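Trainee: Residue numbers (the working numbering), protein chains in the order written: chain P, 1 to 273; chain B, 1 to 291.
No lab work stands behind these hints, which were simulated from the structure alone. Fair warning: this is a prediction, and the values are worked out from it, not measured in the lab. Just to be clear, a hint being listed does not mean it is correct.
[Stated by the list, open to error] Heads up, incomplete: computed chain B residues facing chain P, CB under 7 Å, no partners named: (1) SER163; (2) LYS165; (3) ARG168; (4) ARG171; (5) ASP175; (6) ILE182; (7) THR183; (8) ALA185.
Positions of the beta carbon are idealized from the N, C-alpha and C atoms, including for glycine.
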Amino acid sequence: MTRPWLPWARSAARPGPAPAGQPPAGPARPLLEVRDLTVHHGQLRALTEVSLTVHPGEVYAIIGANGAGKSTLLRTLAGLHAPTSGTVVFDGADVTGLRPDRRVAAGIAMVPEGRRLFGSLTVEENLLVGAAYARPGPWSPERVYELFGWMRERRGQRAALLSGGEQQAVAIGRALVANPRLLLLDELSLGLAPAVVRRIYGMLPDLLAAGLTVLLVEQDVSQALRVATHVHCLLEGRTTLRGAPGELTAAAIEDAYFGLARANGQGTRGGPR
Amino acid sequence: MSWVNAVIQGILLGGLYALFACGLSLMFGVMNVINLAHGDLAVVAAYLALGVITITHVPAQWSFLIVVPVFAALGYAVQRTLIQASLNRGVLTTLLVTFGLSVVIENALLQFLSANTHSIPVSAALVSASFTIGSGITIAYLDLVIFGAAVIVLLGLQYFLSSSKYGRLIRAVADDREAAQITGASHRHVFGIAAAIAFGTVALAGIAFGTYSQFDPTIGTDQLLLFAFEAVVIGGLGSLWGTLIGGVLLGVAQQIGATIGTNDQVLAGQLFFLAVLVLRPQGVMGSRGTA
Chain P
1 MTRPWLPWAR SAARPGPAPA GQPPAGPARP LLEVRDLTVH HGQLRALTEV
51 SLTVHPGEVY AIIGANGAGK STLLRTLAGL HAPTSGTVVF DGADVTGLRP
101 DRRVAAGIAM VPEGRRLFGS LTVEENLLVG AAYARPGPWS PERVYELFGW
151 MRERRGQRAA LLSGGEQQAV AIGRALVANP RLLLLDELSL GLAPAVVRRI
201 YGMLPDLLAA GLTVLLVEQD VSQALRVATH VHCLLEGRTT LRGAPGELTA
251 AAIEDAYFGL ARANGQGTRG GPR
Chain B
1 MSWVNAVIQG ILLGGLYALF ACGLSLMFGV MNVINLAHGD LAVVAAYLAL
51 GVITITHVPA QWSFLIVVPV FAALGYAVQR TLIQASLNRG VLTTLLVTFG
101 LSVVIENALL QFLSANTHSI PVSAALVSAS FTIGSGITIA YLDLVIFGAA
151 VIVLLGLQYF LSSSKYGRLI RAVADDREAA QITGASHRHV FGIAAAIAFG
201 TVALAGIAFG TYSQFDPTIG TDQLLLFAFE AVVIGGLGSL WGTLIGGVLL
251 GVAQQIGATI GTNDQVLAGQ LFFLAVLVLR PQGVMGSRGT A
């Protein structure tokens with residue numbers, strides 16, 4: 001696990017990040033509405049009554065320390081975990097009990113943590129599997145090759161042989177070719193060099209321009225603040241902070257990230273737990 | 001000369017073993033199911049072919065046109081119900097369930113169809129037709145046809161897995177079930193398709209065996225399942241060509257054993273199998289990965 005990368009002061013001091021362009025229209029119907037979601041892993045409660053609303057065109061970032069429940073939240077939204085209670089409403093329809101493959105058909109695609117490519121398949125085959133049950137839409141393997149220039153000439157290579165950053169790009173491509181309306185990105189930066197992370201996040205404006213809405217989980221807070229229109233902080237499975245990056249102070253984010261007691265008490269720079 | 005003959009007959013027999021083994025290998029590679037009822041299913045297919053021939057009077061060698069699709073459908077149904085339900089409860093459960101299925105099939109066959117031996121009555125012209133090469137090496141057309149069918153099935157399967165949409169999905173699900181789900185593929189459906197292929201190939205193998213030799217309700221677990229396992233292990237898991245080579249090597253070993261002494265056929269195969277396990281446990285063509 002990489003340690004969180006926390007130069008808050010620097011990134012929070014920047015003027016409005018919002019690379020997503022216009023703020024979402026207020027009264028528009030939310031694309032995703034999560035209400036009071038509680039999820040257990042066996043006896044362990046991973047999420048406690050988490051609620052969030054994502055509007056079309058937003059980049060909604062979930063931040064938090066290791067074990068805060070971020071990935072559990074994203075996996076629950078993808079249908080890989082069944083919540084104990086609470087509802088997930090996507091585009092006005094309750095999808096709480098829907099199987100993962102049906103959610104893809106509804107328009108939710110995920111880039112999972114650790115990329116999870118089909119290692120014995122080629123790059124092109126990975127994209128074709130992603131496209132096998134695609135909704136109609138602009139994304140095709142061809143369009144993915146245009147987005148990531150290097151990919152076309154290496155499409156015959158086995159995915160397991162790619163570097164981490166390249167695999168991440170293929171994983172994004174595999175999710176894109178399903179033509180989702182909501183793209184779930186789980187820890188894109190995990191295990192990648194900062195320069196590679198920046199390049200991967202660099203394609204976010206292209207995705208938004210194509211009409212996608214993005215919900216991402218990121219341990220790297222400064223990266224999340226750079227790209228997000230909304231930030232949602234989790235601590236031990238509970239919501240501790242919500243808002244637009246421009247409205248939040250570095251201190252408030254730090255408190256929400258580590259928990260108040262810890263922030264007021266001993267040094268916080270040592271990292272969570 | 002009898003040694004050369006043994007090798008040639010062994011190669012031809014190996015095609016049949018490979019046909020038995022490829023379905024077993026596929027189900028293990030894709031869904032981690034070790035189907036202990038595999039041999040019994042082949043026997044059921046042979047009996048079903050007998051029934052089809054008796055009722056419809058199709059020529060025996062064409063009975064597979066009916067039996068194989070029926071078995072493919074059966075495979076999909078069994079996978080989606082029984083095997084999927086046991087998979088959800090862990091890999092060991094699938095062993096118990098398929099073992100139970102094997103016992104049920106064998107005893108049901110004994111109960112309703114008796115322990116009498118049968119064989120599939122292909123026309124005499126096909127059974128006895130043969131040609132001779134050199135001095136004393138006789139190759140039966142039937143054996144050649146079965147070997148050819150095995151090679152065609154393996155070629156077709158290879159092409160299907162590498163180039164078709166569902167072949168890709170099968171490989172993707174075998175690589176990472178959960179990742180396949182989040183790309184929109186229902187792994188249960190894909191498993192069903194893989195099982196349909198496995199059942200179809202085992203049905204073909206059962207019919208081929210029924211024309212080649214006599215069968216009875218117990219031969220499925222006594223011989224066929226064992227030979228299929230041995231072919232898979234000798235060849236190496238996860239490689240279709242390995243399966244063919246494994247089947248051929250097993251067949252050759254058995255035929256050489258039979259040349260030494262009529263009762264040594266199975267023993268020789270078993271010894272060769274054990275030798276491979278000791279000396280090259282990943283199989284002749286195997287790597288350490290799975291399908």
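Trainee: Taking the hints in turn, state whether each one holds.
Mentor: Hint check results:
1. SER163: violated, 10 Å
2. LYS165: holds, 6 Å
3. ARG168: Where the cut-off is 7 Å and the nearest Cβ of chain P is about 5 Å from B:ARG168, the hint holds.
4. ARG171: Result: holds, 6 Å to nearest chain P Cβ.
5. ASP175: Hint holds; B:ASP175 Cβ to chain P Cβ min 4 Å, cut 7 Å.
6. ILE182: holds, 5 Å
7. THR183: At about 5 Å, which falls below the 7 Å cut-off, the nearest Cβ of chain P leaves the hint on B:THR183 intact, so it holds.
8. ALA185: For B:ALA185, the interface hint holds, since the closest Cβ of chain P sits about 6 Å away, which is under 7 Å.
Comparing the model with each earlier hint shows a violation of hint 1 alone; every other hint is respected.
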